[in-house]
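Here the protein sequences line up with chains F and S, keeping their order.
Residues 4 to 224 (our numbering) make up the first sequence, in order.
Residues -19 to 517 (our numbering) make up the second sequence, in order.
To be clear, the hints were calculated from the coordinates, so they are not data collected in a lab.
A quick note: this is a predicted structure, and the numbers were derived from the prediction, not measured.
Hints may contain errors.
[To be verified] Computed list of lysine to any residue pairs in SDA-like fashion (alpha-carbon distance at most 20 Å, straight line):
1. K435(S) - A195(F)
2. K493(S) - L217(F)
3. K493(S) - G208(F)
[Claimed, not checked] Now the stretches of chain S that chain F is said to cover, found in silico as 3 or more residues with beta-carbon under 8 Å:
4. 435 to 445
5. 462 to 475
6. 497 to 508
[To be verified] Which residues of chain S face chain F? A partial, calculated answer using Cβ under 8 Å:
7. L89
8. R388
9. S411
10. P494
Ideal Cβ positions, reconstructed from N, Cα and C, are used throughout, including at glycine.
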Amino acid sequence: MTHLPPPEPRLTPHDEKEDEPLGGVTRRGVLAGAAAATAAVSIGASDTPATAQAAGDMVTFVQLSAALTGIAARKLATPNFDAPVPNSDPVDIKREYFQQVSKRPVFRSLLQITRDAQKLPEPQRADAIIEQVKARPDTKYLARSIVLMWYLGAWYEPDHLKTLVESPNPPPPTFKVISSKAYTQAWALRVAQAHPMGFSEMQFGYWARPPSDLPAFITGN
Amino acid sequence: MRSTARYWRTTVMRDHLSAAAVLSVVGVLSSFPASPAQARCNLMHDLRSTNLSDPTSADPAKPTIDFNSNKPVDAATKDEILNNITETGIPCQETVTGDGPEGAKKTQLQHRQRGFDFYSWLTFLALNSPADGRTRIDKSMPNTKAIWEDRKNFKQLLDVMLPDGAASNWTDPKKAPPGCESEFKPDTDMGIEIIEESYNQPFKTGALIDQQGNYALFDILMNKDMFDYIQEHKLYSRAGQQSAVNSKLKVDFPAGKNAASGQAGQPGGIIIKVSWKILDSEAENRKFHTVDAVISMLPDHGSTQRRCVRKTLGLVGFHVMHKTVTRLQWIWTSFEHVDNVPEQSEIRKQKAWNFYKVCNTRACPPVNETPPRPWEPKPALGLKFDGTFRSQIVRTTPLTEETKKMNRKFQEIVRGSVWENYMLLSTQWPSDFRCAQKTTHEPPAQPLPDTDLEKEPDINCAPAPTFLANSTLETYSQGKVPLASSSCMACHGNATSYQLSPREADQFEPDGKPKAKFFNQTDFTFMLEKARGETQK
Chain F
4 MTHLPPPEPR LTPHDEKEDE PLGGVTRRGV LAGAAAATAA VSIGASDTPA
54 TAQAAGDMVT FVQLSAALTG IAARKLATPN FDAPVPNSDP VDIKREYFQQ
104 VSKRPVFRSL LQITRDAQKL PEPQRADAII EQVKARPDTK YLARSIVLMW
154 YLGAWYEPDH LKTLVESPNP PPPTFKVISS KAYTQAWALR VAQAHPMGFS
204 EMQFGYWARP PSDLPAFITG N
Chain S
-19 MRSTARYWRT TVMRDHLSAA AVLSVVGVLS SFPASPAQAR CNLMHDLRST
31 NLSDPTSADP AKPTIDFNSN KPVDAATKDE ILNNITETGI PCQETVTGDG
81 PEGAKKTQLQ HRQRGFDFYS WLTFLALNSP ADGRTRIDKS MPNTKAIWED
131 RKNFKQLLDV MLPDGAASNW TDPKKAPPGC ESEFKPDTDM GIEIIEESYN
181 QPFKTGALID QQGNYALFDI LMNKDMFDYI QEHKLYSRAG QQSAVNSKLK
231 VDFPAGKNAA SGQAGQPGGI IIKVSWKILD SEAENRKFHT VDAVISMLPD
281 HGSTQRRCVR KTLGLVGFHV MHKTVTRLQW IWTSFEHVDN VPEQSEIRKQ
331 KAWNFYKVCN TRACPPVNET PPRPWEPKPA LGLKFDGTFR SQIVRTTPLT
381 EETKKMNRKF QEIVRGSVWE NYMLLSTQWP SDFRCAQKTT HEPPAQPLPD
431 TDLEKEPDIN CAPAPTFLAN STLETYSQGK VPLASSSCMA CHGNATSYQL
481 SPREADQFEP DGKPKAKFFN QTDFTFMLEK ARGETQK
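Bound conformation, chain F alone (with noise of 0.2 Å):
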């Protein structure tokens, strides 16, 4: 069983103030693991174990989500979520999507692919979780899901995407949007160094320059 986590994983030992001053960290380094295992240690040591295990199963979930997404996990899910100091994440839509997925069966053998490429060298973990994850039909629809999900803050079913790509005439794509947070948090229009329509956290004017550059975008960096 799928515990729903608390709102958002402790991941600071006692002793470490906000304000330091952060290194520099790269995409990849978000999903080296180092500092997801120090939170899952930090959070196994600190919480009931059914607690302990829903929040692993959240950091876990970050970590495939930015595998199949691209998209840092310090992004997708709080700023800074790699660091030293991890920051709060006020919107916290991870917690909405994660209780999307988390009843389904399918979604354990995601996490567990996600653990198991933990073991593997840093640069080779996210192809390795696509390839499992694309070994059998009902991971990989459910990992389309959730890519689909986070890029268009809407919910698609798997069983629908896997008859939009087998059948003969596929019927119109249906989906629904998750929430109005999930509307202003999807990143297909981030990624392309834009906003959603109606929503954006932009300066006044920021369309007469043009947009940061990606990295911005999508790694803070």
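Please arrange chain S on chain F, whose structure you already have, making use of the hints.
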């Protein structure tokens, strides 16, 4: 092999391109110092220090106040806090950590929120402490002049944005509001000139009418750091904002910082927005912090003459914006009177609310609706609304339990004064701290704080909480609808001025970049829109 991941993602996206359609559908201080060099800064915070030589150090196991305890705050802690506030004023900068006495039982977000809320209470008490700089706030009377009401410390917006766009000095005496020349007592009166922003809420969303049928009134003030910056750059006039020099100005107000390694502390930019309730009875006066005010009404249609009315005003809402070097998107504090409006769970609670009437019938008036138009006060009625409408306001987003606990403790600390009748709603702060401290370091060297106001995709650096509304100041935009509901930073991040684009912004380097940037932004304040005088044709 690198391409595997990319190919897979591309395939998923290509297969479902049609899904993209959804995207198209769907200022302090006891005595605010005369110069920053003299600034004292309150270094208290929610956790006890571990190191005497570094008051901002924090021991997560030792809270300054145990907010979970049922025991009263001990006398020593109460004295320590209140004396500290009287002696050192506001924190020039926040001190927060991601940890605390409840350790892993709380999230980092909650730990930091507690730190910011503690900062907010210190700020609120410091700003509202007696202006004499000696008396503790718990000893103040309802009408004791507060630090922020003393013109040595803060100026009202319309005393800076003068008619005809004139310059001014910090020490200029307050002028009587138009039509109130014979009534105004400069030493004791608050002078208010009614403009639309005095009675209409942000984005012209409507007036707020109390249960006695009076308009709620709003006012904005700034500290000396703000004033000096505005004067230095001639931002007090539309023409000044539109000058060629200012076409390249990136408005970047001073940021507060604590004293460190031989450097003096600096308050930084502080803006206050208040809401007032007109008080009709002596009994009411005892519940509120009050001021005597002369109010210059809007002129009658076809006339330039303004009537002047004298009223006693009770403080019902109190916003503080404070820019600090570590939170360049400002820290947003909001307080209000405990009797303003009920939360949804309190709507049956028998109480004389300021902006709500308990209703136990089936024919209750709808809540959170704006008054019928016109909203403009009719001069002949003073500040009584024309009609029987009374605002029926309910708080949409309840306070968190943590904030309620903190409120109870601080209210206890100021028990016996009217300040026990005020509560913190929350503090909004930029939670991505790397983003929140980001400066440009662009050549040529920019003056400090050199805020990066261009960063994308989020200029607000992940505000926490995402939404925050005061029932008297953002009455009609409470809620949790992205971009529509009240978020201090998300709203103020769009504030602009009358600045014009430099000619070079339309000329381009060989790499396609413009030769100059145009920043029509005002560093999170709408104040510059109130500049007067002529605009360029």
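Consistency of the hints with the structure:
no. : hint              : result
1   : K435(S) - A195(F) : holds, 16 Å
2   : K493(S) - L217(F) : holds, 16 Å
3   : K493(S) - G208(F) : holds, 15 Å
4   : 435 to 445        : holds (count 11)
5   : 462 to 475        : holds (count 6)
6   : 497 to 508        : holds (count 5)
7   : L89               : holds, 4 Å
8   : R388              : violated, 24 Å
9   : S411              : holds, 5 Å
10  : P494              : holds, 7 Å
Violated hints amount to a single one, hint 8; each of the other numbered hints is respected by the structure.
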